[in-house]
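Number of protein chains: 4
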Amino acid sequence: MVGGGRGAFIGAVHRMAAALDGQIELVCGAFSSDPERSKASGADLFLPAERVYATFAEMIRKEKERPEGDRMDFVSIVTPNHMHFPPAKMALENGFHVVCDKPVTFNKAEAEELVYLVDQTDLLFALTHNYTGYPMVKQAKAMVKNGELGNIRKVVVEYPQGWLSTRLEAEDQKQASWRTDPKRSGAAGAMGDIGTHAENLAEYITGLKITQICADLSTFVSGRSLDDDGNVLLRFNNGAKGVLHASQISAGEENDLNIRVYGEKGGLRWHQMDPNTLVTRWLDRPIQVLRTGVGELYPEALAAARIPAGHPEGYLEAFANIYRNVAFCLQARLAGKEPDPMHLDFPTVHDGLRGMQFIERVVESSASKEKWLSF
Amino acid sequence: MVGGGRGAFIGAVHRMAAALDGQIELVCGAFSSDPERSKASGADLFLPAERVYATFAEMIRKEKERPEGDRMDFVSIVTPNHMHFPPAKMALENGFHVVCDKPVTFNKAEAEELVYLVDQTDLLFALTHNYTGYPMVKQAKAMVKNGELGNIRKVVVEYPQGWLSTRLEAEDQKQASWRTDPKRSGAAGAMGDIGTHAENLAEYITGLKITQICADLSTFVSGRSLDDDGNVLLRFNNGAKGVLHASQISAGEENDLNIRVYGEKGGLRWHQMDPNTLVTRWLDRPIQVLRTGVGELYPEALAAARIPAGHPEGYLEAFANIYRNVAFCLQARLAGKEPDPMHLDFPTVHDGLRGMQFIERVVESSASKEKWLSF
Amino acid sequence: MVGGGRGAFIGAVHRMAAALDGQIELVCGAFSSDPERSKASGADLFLPAERVYATFAEMIRKEKERPEGDRMDFVSIVTPNHMHFPPAKMALENGFHVVCDKPVTFNKAEAEELVYLVDQTDLLFALTHNYTGYPMVKQAKAMVKNGELGNIRKVVVEYPQGWLSTRLEAEDQKQASWRTDPKRSGAAGAMGDIGTHAENLAEYITGLKITQICADLSTFVSGRSLDDDGNVLLRFNNGAKGVLHASQISAGEENDLNIRVYGEKGGLRWHQMDPNTLVTRWLDRPIQVLRTGVGELYPEALAAARIPAGHPEGYLEAFANIYRNVAFCLQARLAGKEPDPMHLDFPTVHDGLRGMQFIERVVESSASKEKWLSF
Amino acid sequence: MVGGGRGAFIGAVHRMAAALDGQIELVCGAFSSDPERSKASGADLFLPAERVYATFAEMIRKEKERPEGDRMDFVSIVTPNHMHFPPAKMALENGFHVVCDKPVTFNKAEAEELVYLVDQTDLLFALTHNYTGYPMVKQAKAMVKNGELGNIRKVVVEYPQGWLSTRLEAEDQKQASWRTDPKRSGAAGAMGDIGTHAENLAEYITGLKITQICADLSTFVSGRSLDDDGNVLLRFNNGAKGVLHASQISAGEENDLNIRVYGEKGGLRWHQMDPNTLVTRWLDRPIQVLRTGVGELYPEALAAARIPAGHPEGYLEAFANIYRNVAFCLQARLAGKEPDPMHLDFPTVHDGLRGMQFIERVVESSASKEKWLSF
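Line by line, the protein sequences give chains C, A, L and Z.
The opening position of the first sequence corresponds to residue 0 in numbering that gives the first Met the number 0, with each subsequent residue numbered one higher.
The opening position of the second sequence corresponds to residue 0 in numbering that gives the first Met the number 0, with each subsequent residue numbered one higher.
The opening position of the third sequence corresponds to residue 0 in numbering that gives the first Met the number 0, with each subsequent residue numbered one higher.
The opening position of the fourth sequence corresponds to residue 0 in numbering that gives the first Met the number 0, with each subsequent residue numbered one higher.
A couple of the hints might just be wrong.
Identical copies go unnamed one by one, so any copy, or any two together, can satisfy a pair.
To be verified - No farther apart than 30 Å at their CA atoms in a straight line, the calculated lysine-lysine pairs in the DSS-like style are these:
#: 1; residue 1: Lys-38; residue 2: Lys-208
#: 2; residue 1: Lys-370; residue 2: Lys-107
#: 3; residue 1: Lys-107; residue 2: Lys-88
#: 4; residue 1: Lys-63; residue 2: Lys-107
The hints are simulated quantities; they were obtained by calculation from the structure and are not laboratory data.
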């Protein structure tokens, strides 16, 4: 693991998600840019001192020197955005698979280079757009794919948060600091941090591509340099229209990612904060509320749930579904087998590049007087 | 009453709303462009035959001939859009107050003429943007006005319906026919019929003015000429940003008008389909769910509710609040008194003109390559 | 109308409910036991002074003297419980139909006498167990009747309120005063006021009869003499079991009457505070959320709704459904026709007697050491 | 681990819950009464063959022979009810701490013996009444304890499920088979399996003791011998009243454990299926919706959550909270320290005995003609 030392948020999430299903064991790490902090963090995690490294470069080098079967199988990168690319590149170049937090890199050029490297090395590269790991998101995708809604006409995807309503970064809150810092976060703030999740979710569920965007980004909190709110009109490759908005100043909102998809025959709605429920509506039939574990669901949805109906599974379980699929694919490789196609269902470096393009284009669109930019 | 004969929808709504509080009695009508139908409808409503008229012109003329105190007090106009202006104009010119369904007229020019007439005659002109009649909408407006949310930053207002997902107008469904017909509905379809409600609600609650719009209207159902879906980016006069979308092809949606308003200190959310609830969220406090009849509400909200907490009041009661305020204002005029300022809280011809401007500008914006049009 | 003068609650509800559909006109009243208050209330309601009476006896006598066609058609009784019987008896004896608030009388003996009188006179007697007027309650009843749930096994019916959590009657609150006074309310407090609604709703929807009860009533607020909370185990005539609880000290609850009915094949749930929704659950199928106005509903449900899906109808509309059915039955009688069977769907004096039996038996059961009392 | 081999449900839950926080590692097991199945299950779990045992007796014996520091620290028992006592007794007698699934034993006598053994050995014994592990349950408990609701008056606790609506046990469904078998499940069916959770939750949150019960158990599915539904009236040691009902034939219900607690000043409501929400209601203030991660919560609630507001934590996380507290207590013991009092917050063998008493008494009460049995 690279990053995720004391005080971090997403590192612990990755560790819990990786541990949940008993398929993955944390064996080493470079947990902080501060070597002392890295050591201390490793000790917290019951790791032997010799596998807690001062830098990611040391980790990759030393692990590679270990005998096969006794070295790490893959690298998890959980650092701030500007520190994704260096360890990812080095890992790939040294033959290690990669699981990387999103957005994949600091800018689009880096993402393109990673795509090139992954294609060259044929290594696995998973991107933790974790919201696609939820069973009912997979159900939604399968329903659209199987034509249950008919041709898609409209998509509304929202990602409101309120935690950056005040200038938290001025209070030295670690999560706020790097996310609002253009040198560590990249070209966009809210749009990069959570807008990309919304974009990814919309394309994942609908199977469509966004082809044109018209964006209006804002920075409401004075003293902040990156956007903390953005509204975007969308046009899709099949003629569907849509709206995407993401915000970190929607005061009082927690983490309310949600999506509505409307087709000719029906519509569906999913809320991340009530993740085991998928509400479907129909032209002339009653609303059907699909629930994880109830009635007939698509195999993709069934495989992504662990426990019976009414026993809520949440964020960590969805996150774990990405790690579990990666683990199964690695096991298949080790066994010299083709992976089960269902296990290939995790976001990759290509989704990462798409996200970087999204960031670049919404920032451009917001600054432009032209209405539509292609995407 | 003009319009609202057999087979109509909104006419019956106006009658129930007017009757509810025992302040208003239906005394005459020209219920249909078909005189026979008008007669039959009048009989259904227990009206004496001599006060059921063949045309609105006859009604206004004959009622005016009746002795004062024995003639109608005001005219309710509940016809399709293209037939609002003629009776409204004639009523005003003959000294009758007017209650008119929305949008106020067929086009902006007519609306401007009505504004002029109302200003000249000093008669009452109420527009049934009925959603502003809900107690919790009034509570929301009062909360914003009193600064409870701080400066407003973001507004999301939505009006999804699904009933025009198929070409219902081809099946001779009366409500669908005129709403999708540019000769009777006006320049816009969904945007005129329900988008104007959304626009009105957003400005009513926030007290702000929309100053710039960027719209993308669509017609998804083949063979239809007016828009059945539209997405609009908004900018407000205080720097707030927003999104408005309205749709009649959001398959399976009933009548889900809803609004979210976020300020520096908190946010609020109201859903028309759960109208007695106002959800408020705060930066560092728990969510507060305000309910009609529970705890301390603003006087405007209290006055708009009739029955205790937990006894749901709905659409007709909100609609009736407009009629009741009109009745109270008429009574004040008859008594030679100033009306209670709270009774002046109903939409007027000025809101109607604003709505016609909105229709005109979203249609223009949708056709334009320029990103922002002033509004 | 008897009762319902200034300061009353339910009288205004009856008036709005009766007025809503334009079928019923208030023509006279004895609005208060205080003649001055009665006069003033009648003036508020725009009634001619000569038809505002000092007492119900005077009203019945004088109205009877008026020529047929110019007298009241029926009497609405909206007084506290102890004053239901005298006007109801006199009205029936003088040939007037009756609409009466619930519980029907002060005690069971009075209810039995009314049943006898109604049977003798063949007059209409409607009891405003208004919750059975909701469209989705009628839908639920029809679903059970048509076997959609299979044989019924379990019923849970709840009626929690919190408004009597403190000794409001000591503050001279009118609604609290008579409801907590054994001389005006009867043998039971909460169980009479709202427990009877729950009992009525359970039997109405399921079509079953409660045959055994085991009750535990409490008075939590010190200084109060009647129960303010009660829990009851139920057994039904088909072997189903159930729970009924009603409370006026469930702090913070508004008026949350709700019911769940489970059969062999499925279950349903209805909440009075979200009345246009009926949630149905099934053994191996997704939850179906039925909504007023969406998809195929039973004719009884359709007839009880006035406006399209997503336009909420509430308490007053449900209440009005009782009045409307009564009006239709009266019109049929006047026309010498058989009423439409669907219009006979309103609670009668027999439901009233059943309620009085319920009150009597839960009070007995609560005081008894025996587990089960027959009902 | 004892039990939890292939085909089991709760064993996997225990493993995921134990693994989640990186504090506990599975080191050995006797996963099935069938030695072959035990071996295979151990291999699935990546355990070395020599630590996969044929029987729990072998496991306990052999692990005890291993050097200290290299043997298991505690035993998790996840077998059907009748097989809890033998391994628990042997583990305690051999110095191993125990985590045991609920209900703690097959009958009360066994539970009493375990209480004795735990008291004698001073070993840790955790019972996985996992629902007390949810952050908002801990918040509810703390609110009651701190008097926020005032003196408690009424408790309604429900546990409806529908999965045994048909005779699933006849189809050889493993979970159904043992739960409906008096030889493996004990004296009660639904009341033992889930009624004890409800009883435990009510006493945990309120801090009160149930002192009297009046029960009505039923077996609705023909051919079944244990209860599949039960309704119970409750009286508490402070004078509060209540209702508890649990069911496995509430068709269509998933796992809807929920509780409402009303005091003099306010009420609260928690639903297991929406676990991160705690709805609180007040006499004269708006509803407050408390959410994991939002605003000020009690330390007990904060400590039980891992990730920020709006990132749903579910059943496994609540379950893991029990394991994590056990792990922290074990670490304290190993370090020779007193445990943090907050880490002692997990159900113990005493809760287990209480549950067995509950089972015994509700069965007796249901068969009795006497209304109230002491508890």
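Structure-based check of all given hints:
no. : hint                 : in the structure
1   : Lys-38 with Lys-208  : neither (44 Å within a copy, 49 Å between copies)
2   : Lys-370 with Lys-107 : both (23 Å within a copy, 26 Å between copies)
3   : Lys-107 with Lys-88  : within (14 Å within a copy, 61 Å between copies)
4   : Lys-63 with Lys-107  : within (29 Å within a copy, 58 Å between copies)
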